[in-house]
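Model the placement of chain L on the given structure of chain U, informed by the hints.
As you go down the protein sequences, you meet chains U and L in turn.
So the first sequence is numbered by the numbering used here: it starts at 458 and just counts up by one.
So the second sequence is numbered by the numbering used here: it starts at 216 and just counts up by one.
Think of the hints as simulated: they come from the structure by calculation, not from any bench.
Any given hint might turn out to be false.
Claimed, not checked - Once the Cα atoms are required to be at most 27 Å apart in a straight line, the calculated DSSO-like pairs of lysine-lysine come out as:
#	chain 1	residue 1	chain 2	residue 2
1	L	K494	L	K410
2	U	K575	L	K662
3	L	K410	U	K589
4	L	K410	U	K671
Unchecked claim - If you want the ones that stay clear, here's a sample from chain L, every Cβ over 10 Å from chain U, calculated:
#	residue
5	R278
6	T430
7	N436
8	N646
9	Q671
To be verified - Just some of the chain U residues that point at chain L, by a computed CB distance under 7 Å:
#	residue
10	R476
11	F497
12	R499
13	A580
14	P607
15	L630
16	L649
Every residue gets a Cβ at the ideal spot worked out from N, C-alpha and C, and that includes glycine.
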Amino acid sequence: MSEVGEVSHARDHILTRLRAAVAQVGESAPEAGALPPLDFDRAERVARLKRLMEAMHAEIVVTDSTGWVAALKNVLRQRTLNGLLYAPETPLGATLAAAWEDDLPPLVGYTQEVEQCKEQLFAIDAGITSTKGGIAEVGALILWPDAHEPRLMSLAPAVHIAVLDADRIHNSLAEAMAQERWAEGMPTNALLISGPSKTADIELVLTFGVHGPKELIVLILDDQPAPSAPS
Amino acid sequence: MASTTVVDFPSNFIKALGNPQLRRNLRAAMDTLGLRRRTLFADPAFFAQLRARGDAIRQRSLRKLPQLLEQLERKCTENGIQVHWAETTTEASQICLDLIQRHNATRVIKGKSMVSEEMHLNHVLEEHGIEALETDLGEYIIQLDHETPSHIIVPAIHKNRDQIAHLFHEKIPDTPYTEVVEELNAIARKVLREKFFAGEVGVSGANFAVAETGTLCLVENEGNGRMCTTAPPVHIVVMGLEKVVERLEDVPPLLRLLTGSATGQLITTYFNMITSPRKPGEKDGPREVHLVLLDNGRSKILADPQLRETLKCIRCGACLNHCPVYTRLGGHAYGYVYPGPIGSILTPQIEGLDHAGAMASASSLCGACEEVCPVKIPITHILRRLRNESYNKVDSPNAVKGHGYKSNLAESLTWKGWAMSNAAPWANALNAKMLAMLGSQLTKLTKVELVKNWSQGRTLPRFAPKSLHVLAKEKGIPHE
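Same shape as in the complex, but just chain U (with noise of 0.2 Å):
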């Protein structure tokens, strides 16, 4: 701040009153323990990421490592979009490049500073992420964007497309936190994402694509798809 002398003030002033107060009152009780960890099996955790993003109106498609660019294709040739805001850095980016077609919308890299591309990226219809995983307690992709796949390519746009791999869907935040060590090492922005934007602000009567993407379509890459369980 312009004046620093008076913030360190009221910093200095706050923390003595807060010492002083957390000293008045000593230790309390042992603490309450963690929840049991759960405990879903791998079919389990597809299905139930499933189940609860597509009651959050999130569309989902689960294909495989090799059919998942035709499940991809076969989307968007359903709907029409202006263009495809893809990461051209990234494995992902390189096998849409390499497998893209002319009736597709058109790929479009997110290749500038946001400042040298703010318009086209409120202009696209579609982005396309992958994920870091997904947790299936909830129903929720984890998304950690980065210098290829900036953050507002699963925001500005009014459909985002997400690639999941289904090894990586965790049965839990805190399980994908402690396993993947995130205290060690937060990137500049993690996100949880289980639907489409939404909103109920209005007599709380539920309608979706509010600011964020109006659809959510998730691709599950699942290599080891379970025998058909009943549903």
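Chain L alone, transformed into the frame defined by chain U:
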């Protein structure tokens, strides 16, 4: 901003109760939110366990608050987030204003933040010619109508679709009248998308801040929070200093409790965790992130072992949804930023009992708020404490500001007399005799203001001509 006015509760209450539209809107919404919460936490054993965990995490966070805030500051600074401390809401607003002016910005886009309401930030910015646009749909609606939130989670819940349809039609240029919720939503999306595109500074709150990693967490459904924290070149987070938690692993249980208690959701559409501004090579995100930590009386509340429980609050709003008083009045009648049971315990502590003490009377002490509170805040106990301190001057540094504002000689003498008459048999007998004689005359006093007011909604008691003590004696019952 310290309040200078005393809210006129009786007239606010009468006005709210006399508004059938408001009562219908509220009733339907609160019943729905309550039902959704019950459905989500249908397993009482699981809920009890989760809640014990949430309570423990919040208690530990408060016990270690000074060291956690220092750790948070250190981690944020390492990550490139600039941390500012504010003792008062005026200071916090000034910090925001300075930052915004330093960037010559006039277009600020805001994600929903109750702390920014507490700061009256929009007002301060507007006074300096800065547009501070609320982008959460509910907040956008009430801002158009120059109102404040009536609920901490669903701020426009007091309005129905007809009212919103009229508002949009009148206030947003070239907008046709429509009562279709999807169309109203589409209108707001279109207007606000342009604002997100053009916003120069984003302002948001934070639901949790993690000391271990210096991560700021935001819970939302609409995507406006992500827009405000991603699209503009500068992002300012305003946060009450009690929101810090120690470890990243503390977040999942609190997140589960928050979304479940607030709206009955397993998880919101977005959970947004921000740990740094844009790093070299990254293509978007703000280049500057600022965290403003607000005290505004919280450090004083922390000093008292009972009152500090107020600071465990994760602002889910469940206590509002389940409160028989709130569900009949809505938030505006309370007259302050935080309404309902949590507002009734928090506000008097911040503003002083002499200003907001009457809020503590806006409760039947039924305890529904405590039953649903995800972090077990003993709300009714704190309400009683505030009521007591309203009448009693307390000789303790932890006494609530403005204590004893209701104390008066007549009342303290009456209670002294009452205590005496129950301690001395002769005084008790005299008292009973007096009441038997005078009490039966009460019904004749219905023209007297005090009796008239009291008896408006109540039947006046009839005192028995003879006390039980006398009756027993007459029947010859020994040792009654």
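Quick rundown of the hints versus the structure:
Using a Cα cut-off of 27 Å, the hinted pair L/K494 and L/K410 holds, with the two alpha carbons roughly 25 Å apart. Between the alpha carbons of U/K575 and L/K662 the distance comes to roughly 72 Å, so the proposed pair goes past 27 Å and is violated. Pair hint L/K410 plus U/K589 does not hold up; C-alpha atoms about 31 Å apart against a cutoff of 27 Å. Distance hint between L/K410 and U/K671 is fulfilled; the C-alpha atoms sit about 18 Å from each other, no more than 27 Å.
A beta-carbon of chain U comes within 10 Å of the beta-carbon of L/R278; the shortest separation is about 6 Å. Chain U draws L/T430 into its interface by the beta-carbon criterion, the shortest separation being 5 Å against a cut-off of 10 Å. Annotated as non-interface, L/N436 brings its C-beta within 10 Å of a C-beta of chain U; the closest such distance is 5 Å. Here L/N646 stays apart from chain U, with its beta-carbon at least about 42 Å from theirs, past the 10 Å limit.
The beta carbon of L/Q671 sits about 34 Å from the closest Cβ of chain U, which is more than 10 Å, so the claim that it is off the interface holds. Hint status for U/R476: holds, given a least beta-carbon distance of 5 Å to chain L, under 7 Å. Given hint, U/F497 at the interface with chain L, is violated; its Cβ is 14 Å from that chain's nearest Cβ, farther than 7 Å. At its closest, the beta carbon of U/R499 sits 20 Å from a beta carbon of chain L; the interface hint therefore is violated under the 7 Å criterion.
At its closest, the beta carbon of U/A580 sits 10 Å from a beta carbon of chain L; the interface hint therefore is violated under the 7 Å criterion. The beta carbon of U/P607 comes within 4 Å of a beta carbon in chain L, closer than 7 Å, and the hint placing it at the interface holds. About 4 Å separates the beta-carbon of U/L630 from the nearest beta-carbon of chain L, less than 7 Å, and the hint is met. Evaluation of the U/L649 hint against chain L yields a held restraint, the C-beta minimum of about 4 Å falling below 7 Å.
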